[in-house]
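One line per chain: the protein sequences are V and H, in this order. If you're matching positions, the first sequence starts at 1 in our numbering and goes up one per residue. If you're matching positions, the second sequence starts at 1 in our numbering and goes up one per residue.
Hints are computed from structural coordinates only; laboratory data are not their basis. Everything numeric in this text was worked out from a predicted model, so none of it was measured. One should not assume that every hint holds.
Beta-carbon label-pair distances, calculated as ranges [stated by the list, open to error]:
| no. | chain 1 | residue 1 | chain 2 | residue 2 | range |
| --- | --- | --- | --- | --- | --- |
| 1 | H | A192 | V | P49 | 51 to 61 Å |
| 2 | H | I152 | V | S69 | 33 to 43 Å |
| 3 | H | R44 | V | Y124 | 19 to 29 Å |
We put the beta carbon where it would ideally sit given N, CA and C, even for glycine.
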Amino acid sequence: MSSRPQKKKQGNERLQRIIDLSRAVEERGLDPFQVDVDDLIAVVHEYFPEWETIDEFSLDAEAVNRLASVIKLQGEWVSHRSTSLYTDPFLVEEKLRKLSRESLARLFLNAWHPIVELEQISSYSLIEAVKYWQSLLPLDERWTKTTGLKTELGAASRDELIMQRIMSEKAFTEELEVLWRELRGKVGESQKILYWEFVGADTYEETSRRAYMTSFLITYGYATFEVHRLEEEIYIIPFDKPRSLVGKKQSVSVPVSVSYEEWRRWREHKHD
Amino acid sequence: METLERTQARLSKKALYLRKLKRATHLLFYRRHRRPGVKGWELRKRLGSDYPKVIGLLDAYLEKLDLQVRTVFEGDPPSDKPTLEQLDRARFFITLRGGLTPKETKLSGWRIDDIAGLAIAISLIISKKGKASRDDVENMLRDKLPGWRVDINLDRYVRAGYLAQDENKQLYLDWRTRAEVDEKALVDLLMAVEGTKQQKS
């Protein structure tokens, strides 16, 4: 024989299960006849003498309320089945799955009678339009805010574009080959050089540019990386001839951070 | 003398109903609210208490043009002749009497895919007592439409007023379906489809 607190705990859990089950039926549109209401009412009845606190009575009321909703759904289910609209949902699904899109559309067109209407401007939308119009600034005031500086039209020279850094002085591939030759010249007998030793320059801008160009040296097969993960060191190894690795080997991206802080640390370390 | 009076009375009655007919046409064709259609009580206010008779006359006239006045009642449609109170609460629309051809639907901006999707969603919801979970409808639509269009199409049906969705992602039939779709005809047509008409692939 279980003790009173144990029975209360057990009853609490059972009522909660009844509430969850009823809510699932209500919210997910499940068959309400899958719930044996008589059986569940008997459970509510069995534990009712045990309840003492307001919380316990609230839970009991909630369970009864949920069961009432299930009974209501059962009623609706029965009345729907008795209407001319009732069809077996599985049969409908089966038909819908088997029919082509064209057949479904054609079938629907026979039962579809679209609304015929004429749209017009209403007094309300006219008032709104007047309000909008009145809140607008005069054209000359609006235009002064949006106009930019006026400049003379004309052709820019190559030197001007280079000065503005829109165009590089050298062609891209030419620049890449120069860097490649520089790399080959800088590596010693070991045939490799530390990444920062190669890309590092006196200014951060130049360092960024070299890092950017180096990434193309690697991508286009002029050189490769050797990554020592434990030491956290990256070496660049130049090739004698550019190698096309596309389709021969799976390429791996190596993210290298070239932040201003890192550049500053590298520079300080170099001067020490 | 008596006959003349009677004729005059008949003529003025005819003129009265002609005026009411015109007024009803303006009310029903021009959209004046966010949703199209006119409530029964609005018609009563503008046409008088005999507005059901005026609507009946208009409906008979529109038949020649393949149009009709459709009455959508609040809740389930009454099984007997509707009461004046039920008519007051109902909404009246002008709809096509017959159906559209596939070519005509293209002109209205609906693709065959969109219409098929709408047919699936509505049929499924009807078969499940007017309520189906969005997941169930989406699964069925994925059978017929490209995956990326399923969500877009369902949202479009909701925006157009064919379907409504609650906070539990349950889909219902909304006001436009009730106004435009003959639900019984749709179900009957679907059930009447024979095996030979079904998709071969």
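Checked hints:
Take A192 (chain H) and P49 (chain V): their Cβ atoms lie about 58 Å apart, and the range 51 to 61 Å holds. Between I152 (chain H) and S69 (chain V) the CB atoms are about 34 Å apart, so this pair conforms to the stated range of 33 to 43 Å. Checking the proposed 19 to 29 Å range against R44 (chain H) and Y124 (chain V) shows it holds: the Cβ atoms sit about 23 Å from each other.
Checked against the numbered hints above, the structure breaks none of them.
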